[in-house]
Amino acid sequence: MGIFGVFYSREIISVFISFQFIIISAVINFLSFSQFLYQSSLWDKIFIIFGIISIYLLMFCIIYYFYIKMDVLDKEALHRDFKLFKITRNDWYGEDDI
Amino acid sequence: MNFILGISEKINPLHSVMVLSGVIFISSFFVMSENRAVKKFIITLFSISLITAFYLNIYSFISAGNFSSILFYFENLQMLEISIIIFCALNLLFFISIYGRDNRHFIKILNLLLFSTISAIFLVVARNFLLIFVALIIFILTTFQLITALNSKTDRIRPYIMGYFLRPLLAVILFFFGFSLFYGATDFKDFNQILQSEHISNPLIASGLIIFGVAVYLYLFLFPFQGPYIRLVKKNEFSSNAVIWFLYFPIGIFMLMKLNGLYGFFIERNNIYAFILLAIAFIFILVSSIGAFKTNSIRRIISFLFLFFIGIFILNISMFSAGIITGDSLAWFNIENIFLIIFSFIPIYNIFSSLEKNTNSDSIDNIRGLGRSNIYMGINLTIIFLSWIGFAHHIGPFIKYFSGTNPAEMGILNLTLLVIITITFIFLLINAFRIIIRFFKKPLRGTIEKIVFPGFLYIYVTFFSLITLAAAVWGLLKILNIDIGIMDFKITGF
Numbered sequence: 001m002g003i004f005g006v007f008y009s010r011e012i013i014s015v016f017i018s019f020q021f022i023i024i025s026a027v028i029n030f031l032s033f034s035q036f037l038y039q040s041s042l043w044d045k046i047f048i049i050f051g052i053i054s055i056y057l058l059m060f061c062i063i064y065y066f067y068i069k070m071d072v073l074d075k076e077a078l079h080r081d082f083k084l085f086k087i088t089r090n091d092w093y094g095e096d097d098i
Numbered sequence: 001m002n003f004i005l006g007i008s009e010k011i012n013p014l015h016s017v018m019v020l021s022g023v024i025f026i027s028s029f030f031v032m033s034e035n036r037a038v039k040k041f042i043i044t045l046f047s048i049s050l051i052t053a054f055y056l057n058i059y060s061f062i063s064a065g066n067f068s069s070i071l072f073y074f075e076n077l078q079m080l081e082i083s084i085i086i087f088c089a090l091n092l093l094f095f096i097s098i099y100g101r102d103n104r105h106f107i108k109i110l111n112l113l114l115f116s117t118i119s120a121i122f123l124v125v126a127r128n129f130l131l132i133f134v135a136l137i138i139f140i141l142t143t144f145q146l147i148t149a150l151n152s153k154t155d156r157i158r159p160y161i162m163g164y165f166l167r168p169l170l171a172v173i174l175f176f177f178g179f180s181l182f183y184g185a186t187d188f189k190d191f192n193q194i195l196q197s198e199h200i201s202n203p204l205i206a207s208g209l210i211i212f213g214v215a216v217y218l219y220l221f222l223f224p225f226q227g228p229y230i231r232l233v234k235k236n237e238f239s240s241n242a243v244i245w246f247l248y249f250p251i252g253i254f255m256l257m258k259l260n261g262l263y264g265f266f267i268e269r270n271n272i273y274a275f276i277l278l279a280i281a282f283i284f285i286l287v288s289s290i291g292a293f294k295t296n297s298i299r300r301i302i303s304f305l306f307l308f309f310i311g312i313f314i315l316n317i318s319m320f321s322a323g324i325i326t327g328d329s330l331a332w333f334n335i336e337n338i339f340l341i342i343f344s345f346i347p348i349y350n351i352f353s354s355l356e357k358n359t360n361s362d363s364i365d366n367i368r369g370l371g372r373s374n375i376y377m378g379i380n381l382t383i384i385f386l387s388w389i390g391f392a393h394h395i396g397p398f399i400k401y402f403s404g405t406n407p408a409e410m411g412i413l414n415l416t417l418l419v420i421i422t423i424t425f426i427f428l429l430i431n432a433f434r435i436i437i438r439f440f441k442k443p444l445r446g447t448i449e450k451i452v453f454p455g456f457l458y459i460y461v462t463f464f465s466l467i468t469l470a471a472a473v474w475g476l477l478k479i480l481n482i483d484i485g486i487m488d489f490k491i492t493g494f
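Going down the list, the sequences are from chains A and B.
With the first letter of the first sequence counted as 1, position 62 gets the number 62 in my numbering; the numbers rise by one all the way through.
With the first letter of the second sequence counted as 1, position 362 gets the number 362 in my numbering; the numbers rise by one all the way through.
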C-alpha cells in the first residue's frame with residue numbers, strides 16, 4: 001500500500017502518509033518477529049525507538065522547511081501537481097529551461 | 001601517561017572523530033559572530049582539524065592495525081574510505097570558504113559540514129545494523145540542513161531541494177523495512193554474521209536485499225529517477241553542488257560497498273542476476289553519456305558524467321558476478337574509481353564554477369579558447385581530463401583471465417561484458433575529448449578574452465594535476481612490470 005501510494009499520489013501529504021504506511025509495516029515486522037521467533041528480545045524495541053525518532057526527525061525537518069517561507073505559488077504548485085516519480089524527457093535529454 | 005595511552009587505545013578507530021568533535025565544541029562559541037577575523041580563525045581551525053583528523057586516521061591504523069568490536073570494524077578499506085571522506089570535507093571547506101563566506105550563517109554552515117563528516121565516518125566504520133541506520137539518517141539530515149543553509153538567500157530553490165531530499169527519505173524508510181526483514185530472517189545484527197550463517201538462503205534475506213538494492217538505487221538517483229538531482233544541480237548554489245557530489249554520492253557508494261559481500265553471494269548462485277545487472281549498467285552508462293553529450297550546460301554535463309561514473313560501479317559488480325575479478329579486486333576497483341572521480345571532478349568543477357562566476361552563464365561556449373588564453377590552466381585541465389583514460393585498466397583482468405583463449409570460448413556473458421566495457425571506454429573518451437577540443441578552439445567572438453583566475457586556484461589545480469601525473473607514471477610502471485618499491489599496498493577484504 002505504501003509503495004503504491006508513493007507512486008500514485010499527486011499530493012505531498014499523501015506521499016508522507018504513504019511513507020508512514022511503510023514505517024508502520026516495518027514496525028509490525030519487528031514486533032511480530034520478536035514476539036514469535038525470538039521470545040520478545042529487547043533488540044527490536046531499541047531499533048524501533050531509534051529508527052522512529054530519527055526518521056520522524058528527518059520528516060519533520062522536511063515538512064517544516066516546506067511550510068516556512070516557501071513562496072505561496074510554489075506551495076500551491078506542490079499541493080496541486082506533485083509526483084515523487086515524475087519522469088520527463090527534459091531530465092535526461094535536452095536543456096533545462098525552467 | 002599510561003592513562004592517556006589507555007584512553008587512546010579505547011577510542012582507537014575514532015581518533016579523527018574526537019578531533020572534529022572538539023573543534024565543533026570550540027566553534028559553537030562563535031556561531032553568532034559575523035566578524036571577518038573570527039571567520040578566518042574558524043576556517044584555519046577547521047582546516048587544521050581536518051588535516052589532523054586525516055593524519056590520525058592513517059596513524060591509528062598503522063600503529064594499532066585492524067580493530068573490531070560489537071559496534072565498529074576498522075580495516076584497510078575503512079581507513080581508505082575515511083581518508084576519502086576527510087579529504088572531500090577539506091575540499092568542501094575550501095569551496096564553502098570561497099563562495100559562502102558572505103553568508104550570515106557561515107560558521108553554522110561549517111559546523112554542519114563537520115557534523116555530516118562525522119556521521120559519514122560513523123557510517124563507514126559501523127558494523128551494527130542500528131548504528132548503520134542511525135548514522136545514515138543523521139548524515140542525510142545534516143546534508144539536508146547544510147544544503148538548505150547554503151541556499152538560504154534564494155527562496156525559489158526550495159521546491160527543488162524538497163524534491164531532491166524526499167528520495168533519500170524514502171530510501172531510509174526502505175532501509176528500515178529491509179532491516180526488519182533481516183531481523184525476521186536471523187537474530188544477527190551484522191552483515192558479516194549473516195553471510196556466514198546457515199540462514200543465508202532464507203527468502204526473507206533475499207527480499208531484504210532487493211529492498212536494500214531499491215533503496216540504494218533511489219539514493220543514488222540512478223536512471224530513470226535522476227530528475228530531481230539534475231534539476232537541483234542546475235539551480236543550486238556553487239558550494240552546495242559540491243556537497244552533493246563530493247559528500248552525498250561517495251556515501252551512497254560506500255553503502256553499496258558494505259552490501260557487496262551479500263549481493264556477491266546471491267549473484268554467484270545464478271547467472272541471470274549477472275545479466276540483469278549488466279543490462280542496468282549498460283542502459284545507465286548509455287543514457288548518461290548521451291545526456292552529457294547532448295547538453296550544453298556545464299553543470300548538467302558534470303552531473304551526467306557523475307552518474308556515468310556511478311554506472312561504472314554497477315559494471316564492476318557485474319564483473320565480479322561474472323567471476324572475472326575476486327571480491328578483494330572489486331573493493332580495489334571501486335576505491336580506484338572513487339579516487340578517479342574525486343581527483344578529476346574537484347579541480348574541474350572548481351575551475352568551471354570560477355568561470356561561471358566570471359561570465360554569469362554555465363554554457364559550454366565559455367570554455368572555448370581557454371587553452372589559448374590561459375595555456376597553463378588549459379594544459380592542467382587537459383591532464384586531468386586525460387586521467388579518465390585510466391579506466392582502461394578494467395580490461396586488464398580480462399587479459400589475465402583469458403590470455404591465450406579463443407574469443408569464441410569466452411562465454412556469452414564475458415564477451416558481452418568485454419564489449420560493454422569497450423563501449424563505456426569509447427563513450428568516456430568522446431565526452432572527455434568533446435571538452436578538451438573546446439579548450440583549444442577559437443572563441444565564438446573571434447578575439448580571445450583573458451580570463452583571470454585567483455592565484456590560489458593555480459596552486460590548487462597544479463596539486464591535483466601533479467597527483468594525476470604521479471598516478472599515471474605509477475600505472476605505467478606497473479603495466480611495464482617495473483617495481484620501484486614505493487607502493488606495496490593491497491586491500492585484504494572486509
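Check each hint, because a few of them may be wrong.
To be verified - Below, simulated DSS-like cross-link-like pairs (lysine-lysine); rule was C-alpha separation at most 27 Å, straight line:
#, chain 1, residue 1, chain 2, residue 2
1, A, Lys83, B, Lys442
2, B, Lys40, B, Lys234
3, B, Lys235, B, Lys400
4, A, Lys69, B, Lys441
5, A, Lys75, B, Lys234
6, A, Lys83, A, Lys69
Keep in mind that the hints were calculated from the coordinates and are not lab data.
We went through each hint and held it up to the structure:
Note on lysine 83 of chain A and lysine 442 of chain B: the hinted pairing is violated, with a Cα-Cα distance of about 44 Å set against a maximum of 27 Å. For the given pair, lysine 40 of chain B sits about 30 Å from lysine 234 of chain B by alpha-carbon distance, which is inconsistent with the 27 Å threshold. Of the pairs offered as hints, the one joining lysine 235 of chain B and lysine 400 of chain B is violated, with about 46 Å between alpha carbons and a cut-off of 27 Å exceeded. With a C-alpha separation of about 46 Å, the suggested pairing of lysine 69 of chain A with lysine 441 of chain B is violated against the 27 Å cut-off.
Taking the CA atoms of lysine 75 of chain A and lysine 234 of chain B, the gap is about 21 Å. The hint holds against a cut of 27 Å. Between the alpha carbons of lysine 83 of chain A and lysine 69 of chain A the distance comes to roughly 22 Å, so the proposed pair stays at or under 27 Å and holds.
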